[in-house]
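Novice: The hints should help you fit chain E onto chain H, whose structure is shown.
Single-letter residue listing:
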Amino acid sequence: MNVVRRVGLALLAPAIALVVAAIISAFVILAIGEDPLVALRELVNFGDNSASQMQAVAVILNRAIPLFLAGLAVSIGFRMGLFNIGVEGQYRLATIMAAWVGTAVVLPRPVQLLLIIVVAMAVGAIWAGIAGILKVTRGVSEVISTIMLNFIAIGLASYLLTGPFRGTPEGSLTVATEDLPESGRLPGLNGVMASLGLAEPRSELYGFLIPAIVVGVLVAILVKRTRFGFDLKASGLNPTAATASGVNARAMVVKAMLLSGALAGLIGLPDLVGDTYHYGTEFTSGLGFLGIAVALLGRNNPLGIAFGALLFGFLDRAALSLQFAGIPSQVVTIIQGTIVLAVVIANEVARRIAIRQAERTGANLPTARPVAGEQQATVAQ
Amino acid sequence: MTLALEKPAPAPTAKTRTGRGRIWLILAVIFVLLAVVRAVASQPALTSSSTFSAMLILAVPIGMAALGGLFAERAGVVNIGLEGMMILGTWGAGWAGYQWGPFAAVIAAAIFGALGGLLHAVATVTFGVDHIVSGVAINILAEGIARFLSEVVYAGGDSGGGVTQSPPIKGDAPTLSLPLLSSGPDLLGDLESTRWFLLSDAAGILRGLTSGLSVIVIFALLLIPFSWWLLWRTAFGLRLRACGENPWAADSLGVPVYRMKYFALLISGSLAGIGGALLVFVANIYREGQTGGRGFIGLAAMIFGNWRPGGLAAGAGLFGYADALQLRSQAAVTGLLLLVAIVLVGVTVWQTRKGKLVQAGIAAVFAVGLFLLWLTVDQLPSEFVFFTPHLTTLLVLSLASQRLRMPAADGLRYRRGEDK
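Residue numbers (my numbering), protein chains in the order written: chain H, 713 to 1093; chain E, 17 to 436.
Chain H with its partners taken away, still in its complex shape (with noise of 0.2 Å):
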């Protein structure tokens, strides 16, 4: 029964938020003297033939995947009360790197397209560790030090990008690396779609749809089922506990840095290897900050994050329709916004609650009394 419950309050308050969201954003619309309705209509028009539906569903998976590795990358730091802000940067830094190593040499698309996922992990690991690095060493706090990251990252991408490893000629108009090899590109899933009855969409859906399904099974099992999962958390709930406990605080500040950083590395690479082939000016951006909201939607849990980046793709696919419907398409914007917000109070709201009832329940056992609990899900938040 209180299992139910708490499962119960658990979905409930996002369920409350999203609508709570939705009610701020119609009012925002009906301020500027637009129609609400016509924006939701907006929102869910996939359009009337299977094909358009299909295109729909592309473009709202293919803008998820992204949004997704970088949820889960910001959740390993979360996990354990590390944020790293970073993540913008270190995806920029490694997709400009692995594009380029990517273009370097040339070798059998499976390993081809390895080496470039290697470089893209590596090169966000160290980026992300350097962080992590400062703040055992130095005490630096990691939310400064990957903020300023993120500016040194990005001026070093733009100087490679506009230096020497610009393969546009000089003078001409798009800034961007050489384009990657036929080795280096994974085919889109349009093919598959088509095997399985599906109309095919215009866009090609990314291929990296599978990795990334892949690296989500993968975090959730490290998380939940192993004792590294067991240490990320339990040090950031109560880091002397975990220090008691035989775990190195220090090392394990190194570790999930390192994760998330190589975990931020892939972002780019489904845009990279399944639709631009090349890193330039127009590569897309803002995607680590995106994550920082998805992994606050999906509370740190792999399927939760799953949904968050679904719920991002599906409001930012109806940017463009709205535009036309004459409604600003920043309210897409003002939405996800509203929408965080809204999920990290109903969030706080719904734990005090658990909080209260099992103080009600616990009144009788005396041992029961949650004092710790409450520091421990500030953390975990």
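Please note: incorrect hints may appear among the correct ones.
Now the in silico label distances, taken between C-beta atoms and shown as ranges [unchecked claim]:
{"hint": "1", "chain 1": "H", "residue 1": "GLU1071", "chain 2": "E", "residue 2": "ARG249", "range": "26 to 34 Å"}
{"hint": "2", "chain 1": "E", "residue 1": "LEU389", "chain 2": "H", "residue 2": "ALA961", "range": "31 to 39 Å"}
{"hint": "3", "chain 1": "E", "residue 1": "VAL231", "chain 2": "H", "residue 2": "GLY992", "range": "26 to 34 Å"}
Now the stretches of chain H that chain E is said to cover, found in silico as 3 or more residues with beta-carbon under 8 Å [as the list claims (entries may be wrong)]:
{"hint": "4", "stretch": "841-855"}
{"hint": "5", "stretch": "919-927"}
Read the hints as simulated data drawn from the structure, not as lab findings.
Positions of the beta carbon are idealized from the N, C-alpha and C atoms, including for glycine.
Specialist: Coordinates of chain E only, in the frame set by chain H:
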């Protein structure tokens, strides 16, 4: 209640009067070093009045954001949302500025920023959401709101604004200069142009800091000592800081902790907003992305300044200087390499005398490396110059962060009547 972990309330930070003399000494040493490097590297931009007046203009917005951070964190709330509040401020300044001029711009920016602060207060104080989480959400939201408002207000209209920018600000705020020295006969200007070692450097710096100052910049500068007075010399300030050091104790003494945190965040947001307005005045127009992460830099400046007004002003000045130098003269930035190399030689000597040979060795290696870099490189790529301030922050923090002390209950969730 059951946990007897009550730490003794830390004494309200005693001011270190002994440090006062040392600060002047450090400033003097930095000044002489700058003058030496200016002469050796023959980069007059290093101490020119134009660099220093640009420094002031660029440092003040950062300083305001840092001051905003100070109020929030002294009351125990970490404010990563400064960047978002600053963005709201820039938008408010652009919108009010093009219609009613610069003073209205400042007021509107303060109100817009305060709204961001209010949101942060509702989330963190009333609902107890994690401070970083709320701040990040506010940053995302503010960017969307600014663009959305532009789309609604400017796009399609004939005001001259667009989706990413406002129409130009109407009119300028009056400017002041120091009579005789910086204006009219301009004695400092004459002295600066003589290129006498030390003397003309001092003249350049003084003239840069005293000529053609907008009254709004002066107002912003005055806010720094005013904040110090408010926080360290009034009952309000004592209560506010008590909320950041030990809210449980403050509550037991009758301080309305929630209300104080709300006040602090409203002040914090409006200061960040004013910082945004000052940025708008630099370009005389609101442009999307104008803050360029200066809210974060402000936060870093505050930490660099050890959660004190004087310190954060120094931090903001440092970033402003790095920023101004790269704007004035890219080549002069290479002069900084020499400066840092000299400083590192000093560190080497100091660490050797303390017997810390490893640290001394690292400093020596970097000093030699930077010196060689200075000899070989004429001009750094502009992308490197762009992140000079951020790299500086990182270096300074990694050298100094162990000596910093933040308010004891900073970033903690406080619920009235509940244990920690």
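Novice: In this structure, is the beta-carbon distance linking LEU389 (chain E) and ALA961 (chain H) contained in 31 to 39 Å?
Specialist: For LEU389 (chain E) and ALA961 (chain H) the Cβ distance comes to about 37 Å; the hint holds.
Novice: Are GLU1071 (chain H) and ARG249 (chain E) spaced within 26 to 34 Å by their CB atoms?
Specialist: violated, 43 Å
Novice: Lying within 26 to 34 Å: is that true of the beta-carbon distance VAL231 (chain E) to GLY992 (chain H)?
Specialist: violated, 45 Å
Novice: According to a criterion of three or more residues whose C-beta lies within less than 8 Å of a C-beta of chain E, is the stretch 841-855 of chain H covered?
Specialist: holds (count 6)
Novice: Against chain E, does the stretch 919-927 of chain H show at least 3 residues with beta-carbon separation below 8 Å?
Specialist: violated (count 0)
Violation of the numbered hints given earlier is confined to hints 1, 3, 5; the remaining hints are satisfied by the structure.
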